[in-house]
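**Q** Each chain, written out:
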Amino acid sequence: MARRLELTIGMVQEAGLAPERVGRARGLLRALSWFAARQPLGAIGGVIVLALIATAILAPQLAPHGAKDAQFTQYLPPSAEFPMGTDHIGRDILSRVIWGARLSLYVGLVSVAFGVTLGALWGIITAYFGGWADGASQRAVDALMALPPIVLALSLMAALGQSVNNVIMALAILLTPTAARTMRSVALSIKESPYVEAARAAGCSHWRVVFRHVLPNSVATYIVLFTVNIAYAIVVEAALSFLGLGAPPDEPSWGGMLTAGTQAIETAPWMIFFPGLAISLTVFGLNLLGDSIRDLTDPRLRGGLG
Amino acid sequence: MRKYLARRLLLFVPTLLGASILIFVLMRLVPGDIAEILVYQTGTESSAVQEKQIQQIREELGLDRPIVVQYVAWLGNALRGDFGYSYTQRRPVTDILKERFPRSMELAFLTLVVAVLWAIPLGVVSAVRQNTWADYTVRLVSISGLSLPIFFTGVLILYGLVRFFQYLPPLEFVAFVDNPAENLKQLIWPTLAQAYYISAPIMRLTRSQMLEVIRHDYVRTARAKGLGERAVVYRHALRNSLLPVITFIGWWGGRLLGGIVIMEIIFAIPGMGTALVQAVSYRDYPTVQAIIFVMALVYLTINLLVDLAYAWLDPRIRYA
Chain Z
0 MARRLELTIG
10 MVQEAGLAPE
20 RVGRARGLLR
30 ALSWFAARQP
40 LGAIGGVIVL
50 ALIATAILAP
60 QLAPHGAKDA
70 QFTQYLPPSA
80 EFPMGTDHIG
90 RDILSRVIWG
100 ARLSLYVGLV
110 SVAFGVTLGA
120 LWGIITAYFG
130 GWADGASQRA
140 VDALMALPPI
150 VLALSLMAAL
160 GQSVNNVIMA
170 LAILLTPTAA
180 RTMRSVALSI
190 KESPYVEAAR
200 AAGCSHWRVV
210 FRHVLPNSVA
220 TYIVLFTVNI
230 AYAIVVEAAL
240 SFLGLGAPPD
250 EPSWGGMLTA
260 GTQAIETAPW
270 MIFFPGLAIS
280 LTVFGLNLLG
290 DSIRDLTDPR
300 LRGGLG
Chain P
0 MRKYLARRLL
10 LFVPTLLGAS
20 ILIFVLMRLV
30 PGDIAEILVY
40 QTGTESSAVQ
50 EKQIQQIREE
60 LGLDRPIVVQ
70 YVAWLGNALR
80 GDFGYSYTQR
90 RPVTDILKER
100 FPRSMELAFL
110 TLVVAVLWAI
120 PLGVVSAVRQ
130 NTWADYTVRL
140 VSISGLSLPI
150 FFTGVLILYG
160 LVRFFQYLPP
170 LEFVAFVDNP
180 AENLKQLIWP
190 TLAQAYYISA
200 PIMRLTRSQM
210 LEVIRHDYVR
220 TARAKGLGER
230 AVVYRHALRN
240 SLLPVITFIG
250 WWGGRLLGGI
260 VIMEIIFAIP
270 GMGTALVQAV
280 SYRDYPTVQA
290 IIFVMALVYL
300 TINLLVDLAY
310 AWLDPRIRYA
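Just so you know, the protein sequences line up as chains Z and P, in that order. Taking numbering that gives the first Met the number 0, the leading residue of the first sequence gets 0, the next gets one more, and so forth. Taking numbering that gives the first Met the number 0, the leading residue of the second sequence gets 0, the next gets one more, and so forth.
Just so you know, these hints were derived from the structure itself, not from any lab. All residues carry an ideal CB built from backbone N, CA and C; glycine is no exception. A couple of the hints might just be wrong.
Said to hold, decoys possible - Coverage of chain P stretches by chain Z, computed from C-beta distances (three or more under 8 Å per stretch; other residues unrestricted):
id: 1; segment: 157–164
id: 2; segment: 264–276
id: 3; segment: 288–297
To be verified - Away from chain P, derived, C-beta distances all over 10 Å, residues of chain Z:
id: 4; residue: THR72
id: 5; residue: VAL109
id: 6; residue: VAL218
id: 7; residue: ASN286
What the hints assert, rightly or not - Residues of chain Z placed beyond 12 Å of chain P at every Cβ, according to the derived structure:
id: 8; residue: ARG37
id: 9; residue: ILE56
id: 10; residue: LEU61
id: 11; residue: THR116
id: 12; residue: ASP133
id: 13; residue: VAL195
id: 14; residue: LEU287
One chain only, chain P, in its complex shape (with noise of 0.2 Å):
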């Protein structure tokens, strides 16, 4: 266990750093650098004079150095927590970042808890009853929540929301320290729209997962010593049945995180999200940089913690 953890530790930073590159090398790959997006987009002045504010700007951000020397300054910045600066925001990325992560996080920890809550549930049902009309509806569910895209069932949610219940988007957000009732209030639907899109395959795996330890010797044993059915389902099959469906939780911390993405568009939620779209489509370089950075941060931490856990969870990994 412990050479297991030190090895899954020791892949962590190399390939954090891996991504971080690729990110800085993509963001110089730009046609056109901060530089000329500055001066072209609010400049007025004849083309020699912004001539001059473009080197002038360079020589300040560093930009006419080498990219190998830029990116140590930026790693060595980045770690002390000082992502630059946001032109269009006019403030440091820093900031940004404290104000926007928290949200984000929440929207994605409310998300797994609910589509977690209601997927497993259902899918035990689903392979206990099998073949019945409990069944046949949970299937029903999950396979439309897995063909209807995300954003998909988000308009659609917000159309049923404005239609019928005259639900305007809300103007500001409202932080859960601040007031825990409307903070869930204007969460509970981007929460519950995307809790649908990655319950399906959760179910599925479930429902899947079960009906395989189901038959398996065990809980025959189980069933023949006795038990009740409620200590043979919960008991033994369906901690045996989790296991794959951890895993694949952590697979798909990066569709949560994309997810989240759309979410924040659709339902207005000033987040990581939709700071990142407005940053790439102004060319805010420093803030798309720092936000990708965080959410691969934020990604290898869930995909680490899944191992950890599936570790933990699988006495043969646990003692191998």
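In isolation and in its complexed conformation, chain Z is listed as follows (with noise of 0.2 Å):
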């Protein structure tokens, strides 16, 4: 008798969470399908992706060499024991290529988490509560706005100096008012809303409003923000370092690495090439996928001719 609870509990326990984990697994698998089957470009792009992060990741185990080592002959071509040659100070390129996943993904990650998310609280609440804030807060959007982009990030490297955390921050600032701007347009629109208006007439207060109905509803266009504006931090990032004011020049950066390449283009031509492929394929792949979330989020462009 007290087996066979057992057994029936036992069933029942079967029958009441396997399912629901077998469920769950089937539903991630039919939703990543799901995406892939809609969007394969993005699929393409998620993959390249996720190869970068776990390039970023394992580092340490995947690089042969430490980044900045500097104990090797200068200038060798590619072979089977430096498979994409030695640097003009002797240091290992495939390990700085590497060690460069991890920079350029730490620098785009971070500085997009800061800059995007105080872009998006400073648009979202200006945007809510309007008056003489929300008017002074457009005209320094705009100030901010008037420079172009590289140019204002050259001008914060001047003030900052040269270093890593200066890179995220001066990368944070540029990001941040064209966050705020977005943000501000479509709080704008929720702030009309009736819902807002409901949440109002039961007697919520302002913060309240703001925290629990404006920002969850415009987490949507955060979401495309943050993944578009990666490849674009990661871009800028490199930029500056291949004007000589980005990471410190020790850094693997790719933009850095590029310079260094420019020296020695016409004796060492693989100093270019395999920086500015890692460069130039991380930015495809986020490209693709940042794309393809977009046009997920966007109700218009769905099935479309583009």
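Since each chain comes alone in its own frame, lean on the hints to assemble the complex.
**A** What follows is the structure, encoded as structure tokens:
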């Protein structure tokens, strides 16, 4: 009898829990395959981005040498020992490209997380409360956006000084105004919606409305801004380092590696090819993924002609 | 239209002022002012003497005054065309601007012209022959143009030139008025490299706009009344798909200016971009400030012109 009860409980558990688990796994798989079928290019982008993330996380295991180890012969062409050759002070380029993935992703993610989040909060709060603070902040956004992006980043680097963290800060400042403006327009339309009015009528405070109603409803735009801007931040970081004003030269920045390669363009072309390919592939993957995420969230573009 | 124009012009001035305040404050945030940099870079005297020199330079340059006073003085001088003195180049900043500005603007203008001249026809072809090999080729070219960062394209072209054509970067810049052929020869590669980058999104946008417009009723009407394909495409469809493309060009004006900086560095063109990068790395703040101010002015002007062109081209805005 007791045994039977156990069995029954076991069966109930099996019946109750297992299908749910299976269902969940199937659901995820189905969601992924749905995405791949809907957005084949986006799926390719996703694979590239996953490879990039894996490279960044596993850099210590994947890279044969340290990013700053300069103990080899200079300007060695690609060979079995150094698949991408060595650079002007005898560092293994393969290792630097791998560590560079970590640097790029770190700079891209952190700067976008700060910049877009700050911009989003700024845009939503000023849009919701309006008044002179909104007007003043709009003029500040105008002033920030009056400078060409690279030029603004350059002047910020001039003021902050060269270091990886200052590049992140400069990029965050660069991303904030555009994010603020985009989120502001979203928040303005949410502010006028009936459910916000209903929440106010039910006695919610303004801050409660902002955090419980306006914020959650603008998350889709936030996610799109986030994904689209990562590629942008990575390119701007590389451009700054390429101009010699981003990360310090010993850091494995792909842009900085390109500059070093340009100095030796005749004798050691491998110094430009591999870092250049790494940036291009990264940007390509992130753009494909970002585009398809944007398409999925924008119903007007579904099944489009583009 | 007049109201729109007035409002648009009214916004221009405060935005430029805001940008100039922003630049001014940024340059004052720098650890160590120009006096310290000048003295520590060149001086070998004892620290007491250096201290005195720093004080002296600060007084000379007015750095000891409140920042608001300094800004007003700077703005007053800037409006009269005096941007201060560059200590690294040892000449007035205005001279640097006079020398460099036309070069950079020529490069920007050429780039835009080349990009538009080749992107719009290709975008049209790609849309009219949707899903043929011509379309696929154009799309592939534009997708790769979008993914290759501009500095990588530039460096690749430089490599090709150096490797196969024994190209040497020009030692001295030749102005267009002195020798047009030589001038264009110097600018052709940076122009093409950047035009490739700028043209990719223009191509894509022209294509998608054309695809949309071509399905409109008035295009069907034009066909139905017996117009030739050429007239339908160019007179009816293209005209109406160009509007967003024009705004887009204004929106990309910033990237165009940023790209100019990078192209000048790669191809050794002594324009505003090279001067800016140099000034930033030598911490020559009067020069940085002046160049950024001028670039903001150019950028805002491009946007203003684009908005006005848009209003002029779209009757719905013109008569609103």
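**Q** Could you run down the list of hints and mark each one as holding or not?
**A** Status of each hint after checking the structure:
1. Evaluation of the coverage hint for the segment 157–164 of chain P: fulfilled, as 4 residues show C-beta separations to chain Z shorter than 8 Å, against a requirement of three.
2. For a cut-off of 8 Å, the count of residues in the segment 264–276 of chain P with a CB near a CB of chain Z stands at 4, and the three-residue condition holds.
3. Counting residues of the segment 288–297 of chain P whose CB falls under 8 Å from any CB of chain Z gives 3; the rule of at least 3 is met.
4. THR72 (chain Z), annotated as away from the interface, keeps every beta carbon of chain P farther than 10 Å; the closest lies near 23 Å.
5. Taking the minimum C-beta to C-beta distance to chain P, about 20 Å, the non-interface status of VAL109 (chain Z) holds against the 10 Å cut.
6. The Cβ of VAL218 (chain Z) sits about 26 Å from the closest Cβ of chain P, beyond the 10 Å cut-off, so the non-interface label holds.
7. Look at ASN286 (chain Z): its CB is around 6 Å from the nearest CB on chain P, not clear of 10 Å, so calling it non-interface is violated.
8. Every C-beta of chain P lies more than 12 Å from that of ARG37 (chain Z), the closest at about 19 Å, which supports listing it as non-interface.
9. At roughly 24 Å from the closest C-beta of chain P, the C-beta of ILE56 (chain Z) stays outside 12 Å, upholding its exclusion from the interface.
10. The claim that LEU61 (chain Z) is not at the interface with chain P holds, since no C-beta of that chain comes within 12 Å of its own (minimum 23 Å).
11. Every Cβ of chain P is farther than 12 Å from the Cβ of THR116 (chain Z); the closest lies at roughly 22 Å, confirming the non-interface assignment.
12. The non-interface label for ASP133 (chain Z) is consistent with chain P: the shortest C-beta to C-beta separation is roughly 15 Å, beyond 12 Å.
13. A cut-off of 12 Å between C-beta atoms confirms that VAL195 (chain Z) is not in contact with chain P; the least separation is 30 Å.
14. The Cβ of LEU287 (chain Z) sits about 9 Å from the closest Cβ of chain P, inside the 12 Å cut-off, so the non-interface label is violated.
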